[in-house]
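Residue numbers (this note's numbering), protein chains in the order written: chain A, 245 to 735; chain B, 44 to 138; chain C, 24 to 497.
Read the hints as simulated data drawn from the structure, not as lab findings.
Just so it is clear, CB atoms sit at the ideal spot from N, CA and C, and this is done for glycine as well.
Check each hint, because a few of them may be wrong.
As a list, the in silico EDC-like pairs of lysine to aspartate or glutamate whose alpha-carbon atoms are at most 20 Å apart [said to hold, decoys possible]:
id	chain 1	residue 1	chain 2	residue 2
1	A	LYS392	C	ASP359
2	A	LYS717	A	GLU664
3	C	LYS372	B	ASP112
The calculated label-pair distances, taken between Cβ atoms and stated as ranges, are [unchecked claim]:
id	chain 1	residue 1	chain 2	residue 2	range
4	A	GLU410	C	GLY388	52 to 62 Å
5	A	LYS484	B	LYS111	43 to 53 Å
6	C	VAL288	A	THR391	54 to 64 Å
7	B	SER115	A	ASP387	21 to 31 Å
8	C	LYS356	A	PHE282	28 to 38 Å
9	B	PRO94	A	GLU538	57 to 67 Å
10	A	THR604	B	PRO94	29 to 39 Å
11	A	TYR348	C	HIS72	47 to 57 Å
12	C	GLU497	B	PRO94	18 to 28 Å
13	A	LYS593	C	HIS252	51 to 61 Å
Residue-level listing of the chains:
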Amino acid sequence: MSNLIKGKKHEWETVIGLEIHAQVKSNSKLFSNSSTVFGSKPNSQVSLVDAAMPGMLPVINRYCIEQAVKSGIGLNAKINNHSVFDRKNYFYADLPQGYQISQYKYPIVGEGKVTIDFKDGTSKDIRIVRLHLEQDAGKSLHDQNPTKTYVDLNRSGVALMEIVSEPDIRSADEAGLYISKIRSILMYLDTCDGNMQEGSLRADVNISVRKPGDDYGTRCEIKNLNSIKFIKQAINYEVKRQIEVLEEGGVIEQNTLLFNTSSGKTSPMRSKEEAHDYRYFPDPDLLPLDINQEDIDKLKNAIPELPDDRKTRYISDYNLSNYDASVLTSDKYVSDYYDTIIESDKTLKDSSKIVVNWLTSELFSLLNDKNIQINNSPVTPQNLGKLVKLITEDIISGKIAKEVLVEMFNTKQDPEKIIEKKGLKQVTNTSEIETIVDEVLKENQIIVDQYLSGKDKLLGFFVGQSMKKSQGKANPKILNEIIKIKLSKKK
Amino acid sequence: MKLDTNTINKIAKLARIRLSEQEANDLLRDMNSILDWVEQLNEVNTDDVEPLANISSSILPHRKDVAKDINSTDEILKNSPDKLEGYFVVPKVVE
Amino acid sequence: MEFQSITKLKTLLNKNKISVKEIAETYIKQIKEKKELNIFIYFNEDKIHDQVKEIEKLSNDKVLKGIPIAIKDLFCTANMPTTAASKILENFQPTYESFVTQKLIEQGSMFVGKTNLDEFAMGSATNTSYFGNTINPLSKNDNPLAPGGSSGGSAAAVAADLCLGATGTDTGGSIRQPASFCGVVGIKPTYGLCSRWGIAAFASSLDQAGVFSKNVTDASILLEEIAGHDQRDSTSSNVKIPSFSKNLNTSLEDKVVGIPQEYTVDGISDEINGVWEDAIKSLEKKGAKIKHISLPHTKYALPTYYIIAPAEASSNLARYDGVKYGFRAKDAKSLDDMYELTRSEGFGKEVKRRILIGTYVLSAGYYDAYYLKAQRVRKLIANDFVEAFKECDLILTPTAPSAAFPLNEQQDDPIKMYLNDVFTVPASLAGIPGISIPYGKDQQGLPLGVQLLSKHYNEQEIFNAAFSLEKDYE
Ligand SMILES: [Mg+2]
Ligand SMILES: [Zn+2]
């Protein structure tokens, strides 16, 4: 699959590296006791430490360290036994200390990689440079007052994992797949809740373009994007912009950009002469973080099955395609749901592909309509399994099954009960079907004659009419047989 | 002379301290003499010496992941020069 | 002058010869009488009376019940404002009590006020304070002297009998040098022995709280009360604190005292070298073995310190930005404008100088040449002491290169001012404990101190040797 983009004069290659900020799932902040709950009243979850009162000191949250280590393991990365917390110094209204505690030279997690899967069944590895722990900043509200900015420090000090990729990504679609994959891994590990709307996962995107085979071009960084849709839009806009500039003989200025979600455009954030100099140095309030191998191994042994392992299992155990398997496993809840269906009845393993279809097309469309997440689905996995079994055992037709599913979705009922109550069970009794067919043939003598004169295609008409008469309940296989036999007798 | 006025002003900008011309000149003199004086460290061979960041030999202590609400909004905002409805208030940030 | 020491006052109190209220009245009167020395930034009679009521309820076994203590105004206190002697913390009233002051309160001590210091503890003469100079109580009328610094107010408060003990902080000599200038005892314990929680930070890897007192026994009593592990300070030591005062003894049998050759510095007066010599002889006479040792990197301690301390300070003082507390400049048009105006009006000259030096040595392109280099030399300095303490138990040096100097004398040349710390800074960089005790006087009758150092957590041996030397003046 070629990712090259045609400009007016040349073909261009996009080069993208991502810095993802994922909020660590924890009860309290990285260096203080205050709560991390989202959406509380302003400045209600702020400790003296978070507000940088004089003489306040950081003490690290052990669980956040474990979460970072687990995440590193999930990214197939090297866990560093020795890491250091540094101060990144800059002034901003929502940065009360005047510095962010982060990790610079010695991050807790080193090099790793993740695999992304394409629709055509191929896949690609994206290399991870590092994952480090750092503090989140507070929130500045600029639009409440014409001359003032309001500051809420509730987020100040919440633990973030910054995950930095190599510039291995070559298109907006790849960037989307990469973020989905990272999100999926972290959610499997339960180290991040993955909620992009609440800002639990956001990304800075570094973009440059080059002619194939050239060195990397000058890059721009688009800051703080919090949806995959916006990330793709921003990338596509920025790539086009850079190509236009270059083809008109201009140069790309290294800049930090903001993406305007309503205009769909990027624009520079800070002027250049104020180039940042963060003056990183080891935080003298903290000692180096040393983790022994034993503790790392303990966490390693407790790592749950991750999307890639699950995908492999689906392919080998259930004969699913690489793409189906990756769609299912990309969301832990979907995948858990699927596993529960298959495990609910041993015969369903042989219908694994049918289960995929009923889950990812039929149930998903109902859920999407009502904007319900799979883990809140009114249809339980057990009931969806029963429904699939009713189909495969010819007790109901696929068409009836769709009606039943809607009923299940609305009433949370067991499919067997619905069928029973509504008398939807398939008719397999041949004499009952024969009666119906006889009636249909009798009512349509002219068409029977046409059929007999050689118009074979009219067979479908009789099937349709008979099915209609049976209110859809006739077993299609038996019905077909009977119609064919009855017609041949008339020849 | 290590520093010039330009550098002093750049450093002052980074540190968010505004200097009058007089102050900048005084600081230029003082800082240059201090930097010349610390230059003597170059006499010391430190080729195989690990930098010492903290003399403590103990390991980094940890906290349990327990959220406690110890400090009220009032307490946090008590000393703020400008506040409104639970927020700290500052002059508009100009991007 | 009735109550010459904590021990003596405690005896009076326990025998009901005096009440907490009477102690309060006595000290309030003395403080008011010596107002012109400008020792206190904050002094409020009512606040003292409020404490008396609480202290009276306590049982007599509280170690510091009723003992008047002065607090360096770098310690955050919940009942008194805290300024760090800076305009930028104008009207700052902490809602919390520092670890050290909390411990003192729990033992029943009475805080008489918050003492003056160099702004954010940056200085050696208590002359960089936003609230003006403190005058050394030993000054003669026509010649006001500096009390040393940065904890000059606390040292002066003890010397002027405005309290029986005082807290200080020592980053490069800020307890030991003013103790020497004011003729009192001052100890800086091992880095990490007292929690830094609630003390406005200057240089986090060097800052250490300690105490001033009238004698060694009192210092040992005070230190054992304020030391101890604190979970809120990640660099706080988790060691058992011995009962320093109970273990005090004068025996120096089998002790080896090292005399570092590098502390014989050009330009040091014969009087200071003479006092040092006297102390050496005294220790030898008392049974200690004297050994000449070398601390080869001593010369580089000051320049190392004047890179590391400002670097850390430039970052530690970034939180003073006018947003959350303290002073905010008026009429700023933007956030950056507000920062720059607030910080240029709010900080004094020396603080600005150090912030800028610190910003420079950490900035891109200079980090390795200055900051990292200094950290490596710091390692060598620390190693010097590790090697030295293989050969000796204690090290004896002068505390300061001069006696108290006239106010305003050293204000213009920063390097000359920095030289005040030449004997105290090496121990700070190594994180080892050090005490200064008065030992002799110069021709003008001004006190001169000697400094005893030992290895990490060996405060007891320092107290013992100091206790023994102190006997020479009883
Ligand atoms: Mg970034
Ligand atoms: Zn980051």
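Structure-based check of all given hints:
1. Restraint check for LYS392 of chain A and ASP359 of chain C: satisfied, since their Cα atoms lie roughly 13 Å apart, inside the 20 Å limit.
2. Our distance criterion of 20 Å between C-alpha atoms is met by LYS717 of chain A and GLU664 of chain A, whose separation comes to about 12 Å.
3. For the given pair, LYS372 of chain C sits about 39 Å from ASP112 of chain B by alpha-carbon distance, which is inconsistent with the 20 Å threshold.
4. About 26 Å separates the C-beta atoms of GLU410 of chain A and GLY388 of chain C, a value inconsistent with the hinted range of 52 to 62 Å.
5. Roughly 50 Å separates the CB atoms of LYS484 of chain A and LYS111 of chain B, a value that falls within the hinted 43 to 53 Å.
6. Checked against the hint of 54 to 64 Å, the pair VAL288 of chain C and THR391 of chain A passes, with Cβ atoms roughly 58 Å apart.
7. For SER115 of chain B paired with ASP387 of chain A, a C-beta distance near 27 Å keeps the hint of 21 to 31 Å intact.
8. Roughly 34 Å separates the CB atoms of LYS356 of chain C and PHE282 of chain A, a value that falls within the hinted 28 to 38 Å.
9. Roughly 28 Å separates the CB atoms of PRO94 of chain B and GLU538 of chain A, a value that falls outside the hinted 57 to 67 Å.
10. Remark: the range hint 29 to 39 Å for THR604 of chain A to PRO94 of chain B is contradicted by a beta-carbon distance near 56 Å.
11. For TYR348 of chain A and HIS72 of chain C, the hinted distance range of 47 to 57 Å is satisfied, since their beta carbons lie about 52 Å from each other.
12. Hint check: GLU497 of chain C to PRO94 of chain B, Cβ distance near 46 Å, so the stated range 18 to 28 Å is violated.
13. LYS593 of chain A and HIS252 of chain C have their C-beta atoms about 59 Å apart, which keeps the hinted 51 to 61 Å range intact.
Violation of the numbered hints given earlier is confined to hints 3, 4, 9, 10, 12; the remaining hints are satisfied by the structure.
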